[in-house]
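Grab the two chains, each in its own frame, and use the hints to assemble them into the complex.
Chains D and L are the protein sequences, given in the same order. Letter 133 of the first sequence, counting from 1, is numbered 133 in this note's numbering, and no numbers are missing. Letter 73 of the second sequence, counting from 1, is numbered 73 in this note's numbering, and no numbers are missing.
There could be a bad hint or two in this list.
As the list claims (entries may be wrong) - Ranges of calculated distance between the beta carbons of each label pair, as one might list FRET restraints: (1) Gln-219/D - Ala-278/L: 20 to 28 Å; (2) Met-271/L - Lys-336/D: 19 to 27 Å; (3) Lys-162/D - Asn-241/L: 18 to 26 Å.
Claimed, not checked - One side only, chain L facing chain D, incomplete, derived with CB under 7 Å: (4) Lys-140; (5) Ile-168; (6) Glu-173; (7) Ile-174; (8) Thr-254; (9) Ser-261; (10) Met-282; (11) Ile-287; (12) Thr-291.
These are computed hints drawn from the structure, not numbers from a lab. Using N, Cα and C, we set each Cβ at its ideal position, and we do this for glycine too.
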Amino acid sequence: MSSKNSVMVFIQQDDGIVSEVSVELISKARDLADKLKVKVAGVLIGDGVAKKCEDLYPYGVDEIFLVEDKRLAHYTPVPYTKIMVDIIKKQSPQIVLYGATTTGRDLGPRIASNLKVGLTADCTDLQIGDYKFKDSEYKDILYQIRPAFGGNIIATIVAPEKKPQMATVREGVMKVGTPNPGLKGKVTPVPFTFSDSDFPSEILKRLREEKLVDLKGAQVIVAGGIGVGSKENFKLIYDLAHTLGAEVGASRAAVDAGFISKDHQVGQTGTTVRPKLYIACGISGAIQHRAGMSESARIIAINTDAEAPIFQIAHYGIVGDLNDVIPKFIKAFKAKQ
Amino acid sequence: MGLNLIVLVKQVPDTQNITGEAMKEDGTVNRAALPAIFNPDDLHALEAALEVKETIPGTKVNVLTMGPPSAVQVLKDSLYRGADFTALISDRKFAGADTLATSYALKCAIEKIGAYDLVFCGRQAIDGDTAQVGPQTAEKLGINQITNVSMIESIDPKKKEVVARRSIEGGFEIVKSGFPVLVTINDEEYIPRPPSVIRMMTYKNASVEGNGGTYDESYMNSAQVKRNQDVISLWDIATINADVESCGLSGSPTKVKKIESVILKSEDIKMIENTGDAIAQMVHELIADHTLG
Numbered sequence: 001m002s003s004k005n006s007v008m009v010f011i012q013q014d015d016g017i018v019s020e021v022s023v024e025l026i027s028k029a030r031d032l033a034d035k036l037k038v039k040v041a042g043v044l045i046g047d048g049v050a051k052k053c054e055d056l057y058p059y060g061v062d063e064i065f066l067v068e069d070k071r072l073a074h075y076t077p078v079p080y081t082k083i084m085v086d087i088i089k090k091q092s093p094q095i096v097l098y099g100a101t102t103t104g105r106d107l108g109p110r111i112a113s114n115l116k117v118g119l120t121a122d123c124t125d126l127q128i129g130d131y132k133f134k135d136s137e138y139k140d141i142l143y144q145i146r147p148a149f150g151g152n153i154i155a156t157i158v159a160p161e162k163k164p165q166m167a168t169v170r171e172g173v174m175k176v177g178t179p180n181p182g183l184k185g186k187v188t189p190v191p192f193t194f195s196d197s198d199f200p201s202e203i204l205k206r207l208r209e210e211k212l213v214d215l216k217g218a219q220v221i222v223a224g225g226i227g228v229g230s231k232e233n234f235k236l237i238y239d240l241a242h243t244l245g246a247e248v249g250a251s252r253a254a255v256d257a258g259f260i261s262k263d264h265q266v267g268q269t270g271t272t273v274r275p276k277l278y279i280a281c282g283i284s285g286a287i288q289h290r291a292g293m294s295e296s297a298r299i300i301a302i303n304t305d306a307e308a309p310i311f312q313i314a315h316y317g318i319v320g321d322l323n324d325v326i327p328k329f330i331k332a333f334k335a336k337q
Numbered sequence: 001m002g003l004n005l006i007v008l009v010k011q012v013p014d015t016q017n018i019t020g021e022a023m024k025e026d027g028t029v030n031r032a033a034l035p036a037i038f039n040p041d042d043l044h045a046l047e048a049a050l051e052v053k054e055t056i057p058g059t060k061v062n063v064l065t066m067g068p069p070s071a072v073q074v075l076k077d078s079l080y081r082g083a084d085f086t087a088l089i090s091d092r093k094f095a096g097a098d099t100l101a102t103s104y105a106l107k108c109a110i111e112k113i114g115a116y117d118l119v120f121c122g123r124q125a126i127d128g129d130t131a132q133v134g135p136q137t138a139e140k141l142g143i144n145q146i147t148n149v150s151m152i153e154s155i156d157p158k159k160k161e162v163v164a165r166r167s168i169e170g171g172f173e174i175v176k177s178g179f180p181v182l183v184t185i186n187d188e189e190y191i192p193r194p195p196s197v198i199r200m201m202t203y204k205n206a207s208v209e210g211n212g213g214t215y216d217e218s219y220m221n222s223a224q225v226k227r228n229q230d231v232i233s234l235w236d237i238a239t240i241n242a243d244v245e246s247c248g249l250s251g252s253p254t255k256v257k258k259i260e261s262v263i264l265k266s267e268d269i270k271m272i273e274n275t276g277d278a279i280a281q282m283v284h285e286l287i288a289d290h291t292l293g
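Here chain L stands alone, though its shape is the one from the complex (with noise of 0.2 Å):
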């Protein structure tokens, strides 16, 4: 009796490889400038949702991502990794969601697939690092959660449970739940396997170039994307039947009052010299501001 598996994945900006040109001058993010990449938590939720799929026969993984059009780069990954259906969650009414109107959005989402087992998230995105989606995610969807579990141990179709080892500060605990139950994944255990060739072959067609990272409708609607329906889908708001206050900006609590650049300031550096009585002036002045003693 195979399963139903749900995978959450976000396309995000490569933060861990900003450059200069990243940002701009007043402080904002330059995204274009960015590479988009798979964020790297999400992979790794990919890869427990396929070796879950590898230990029973039959189970189904299905991959959700909710971005502009270019983010279908996201599940063309998925499916050369072992993906057996995606959807992109695309609309214009979903721009400028924080986390809780995303989470509607993929509640809405994930209740269009119908029955599943088990949602799998990543612990967090590289460009928020907030962690917030899945937990959030879960309570719309009324299910429960293990958050930043490093391993499935196990799990029993039949009992329609899952033993997960959840990394806390300092140890862990193995957590016992019932199906359906969200799991977020951290980085420590899964490693992702590589796309596989043989599964590019098949998908190339599906496949469909980005465009840069900006956001063009023109696209949703291109011959390309409409012919391969069959393991990319793209849903609208009116597709997951969500409801348009709660999504987008009107959906978000929170706003963005002030943005401001971390500008590294080497000028305030004070350059001293290798010699004992320089090191000593140093010391003294650490030891006179408390810093040190």
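So that you can see chain D by itself, here it is in the shape it has in the complex (with noise of 0.2 Å):
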């Protein structure tokens, strides 16, 4: 079986755990993959992680290429970087992505710049169509949209001429799918010899914590704004949260008040959120707050000014004192279930 012309994914891991967009990545590699008729690649790269690759099959990826050792357990860029220019370079897969997190979006661009291949930061989809360009036509292209410009444009880039075309591709946005135990794949172990100049940075300590906060990982987030008014009064979103099963968030200006703490920061320079529905508490609308949730599925907007910005990009709109809708919101959710 070989992996050429295949849809690889890096497949990143933190601590030994698989990261979630790994898992996101792996299931949209298998949609394209079936519309391209060629196979799902993976590349792990870690210590002692052999184990993982069962968990990753029923999702639908092929053929996972397994490099271990026990320098390689923290990521750092170099000797990632050597390994995955190597196996592209053996396996020639047709399309290559990352996830755009802290990790991915330090090796893609890495990756790209020895292959001399495009990379595209952040893509919010990723489909398959046709390019033409002055007199030469391309047959299934990888199309690959990202939001541009503080997201006010939207991009569709190509990068026809030279394989693989690559990308990274934000967390939470792509689904995953449903797995199917049925599925099989194998592991293809890969040997590498390093030497000490290949592991140029050490890591003298790793402080990572499970965020209380799990904004990215919210279906639901009802967030708060300044027109909460009081650290006291954010008791009101939490209630209005705690009823739906939903993360609490805030605004910037929120957060800059004191009602609340930057972890549940929504925005340009907080958290960068998709969920299925967002409920805009208070909150005017900055296009920095926008910049954070606007690709939210449902947005209802709540707010007292009629004319906040806010209600240019919601869904649902109700002009009114948060303190009197969101108990009537409270009491209508709590009769419906």
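The structure is reproduced here in structure tokens:
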């Protein structure tokens, strides 16, 4: 079985745990590969991570290239680049996908630079289609779709002339497919010899805490802005969130005013979220905030100011005092349950 | 023993303050209507380099930018804040460069400077938010990188080592690397110093008025620019010894197929009366389409 022409995914692991975005990418790669009638390949690099491969086959990866070494336990750019470049050269995938994480955004550009191929950052959609340029026509090219200019435009980028076509994809954008336990894959260990010069970065300390606030993973977010008025009054926001099983978000203004901690901040300098439902309470909707939540599937805006920009992107708008609206919302939801 | 530092900066359209007029009817960005600013993260990178300069005497801060002649503005600003030397990498042949072609030109320019210890970049530029040019340049230079750095923890000019704090999801890493290394600086810790009035007086003659952001080659040869070549150099494709095919459009594998303007569709909004019944109806709709519940 050759992985030539495959759709390849860089499978990111952190502390031995495969990142959620990698599973999302395998699911998307499966879709793309089915359209292209090719295989899905993965590359997993780490130390003692071989057993993780089993968990990934049900999502549709056919072959995982595994590279293990004690010094590869944590990501550093130089050795990971060397490995990826080598595997890409040998396996000739037509597409390579990375999560747009701090790791993927560190690694992808180095590989692209080495291979002199294109890389599109932070894609929010990937499609297969044709492309005409001057006299040339390219079949089955990867459309790499991403926001640009601070979210003011959506650009479709192609890199038709060189393979592989590469993209980083934001976390939480691609849907995880339903795992099919019947799907089988195989793991192919790839031996590597390293020298000390392959490890110029030394990680002296590493601290990662499971976030107490999981905005990215939340299906529903209830967010409060300066209009909430006080730290005490954020209880209303928590009450609604609790009722709906939602996470609590906040605008920068609310964080700066000390109403709530920065972990909750949504927006350009906070977390970018794409929940099924975003309920903005007392948030005016500055571009910096909108940049972090405008891709939510549904947006409800609750604001006393009918002219607030948040209403321009909302699907439902309620002009009113959140102190009045939220209790009605809670009551209505409880009645439907 | 002073260090030789290089800072890569970019002049960008101010996408954070975009207005309706900044978008043309065909959905493309009307750059002329947008103010051109110093890319915010690059100001943090410049600040990081200037703070290293303050701790290690004899350190030189070189600032490079690639862009049209009007980009000289960010170099001028860098001089006001404390840079020692700046160069504008500008040539028609660089036009249309994607991140790969840009990193190639920057690599050529850095090599023209010669021996260096650290390269500082902003984490990303606000026009594209790709965060790619830094790592791509490091790879082309064949050097190590530490990206998304919030703080340079320590720097040892004798051992030629830097320790940096790198932000990662849910925490941080403390990373040590030998020189030369490229670091990209984020907006978490470094607060850019304001331009110094004294330095503004000193480099007033080095200042060249911008020309509204349009490309004007005659400007490249203006006497004003020539007079100040000791602090603002102009480097074209020949100066940095770059291969034409690897620059600009021909060196760029990515093409923009389509641009769509994000239109705020206020007409799509459903206004809900602030009454119990209307809100209950909305909740019912959201449950019915599986958004809630």
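The hints, checked one at a time:
{"no.": "1", "hint": "Gln-219/D - Ala-278/L: 20 to 28 Å", "in the structure": "24 Å, holds"}
{"no.": "2", "hint": "Met-271/L - Lys-336/D: 19 to 27 Å", "in the structure": "21 Å, holds"}
{"no.": "3", "hint": "Lys-162/D - Asn-241/L: 18 to 26 Å", "in the structure": "24 Å, holds"}
{"no.": "4", "hint": "Lys-140", "in the structure": "6 Å, holds"}
{"no.": "5", "hint": "Ile-168", "in the structure": "5 Å, holds"}
{"no.": "6", "hint": "Glu-173", "in the structure": "5 Å, holds"}
{"no.": "7", "hint": "Ile-174", "in the structure": "4 Å, holds"}
{"no.": "8", "hint": "Thr-254", "in the structure": "4 Å, holds"}
{"no.": "9", "hint": "Ser-261", "in the structure": "6 Å, holds"}
{"no.": "10", "hint": "Met-282", "in the structure": "6 Å, holds"}
{"no.": "11", "hint": "Ile-287", "in the structure": "6 Å, holds"}
{"no.": "12", "hint": "Thr-291", "in the structure": "5 Å, holds"}
When held up to the earlier numbered hints, the structure conflicts with none and fits them all.
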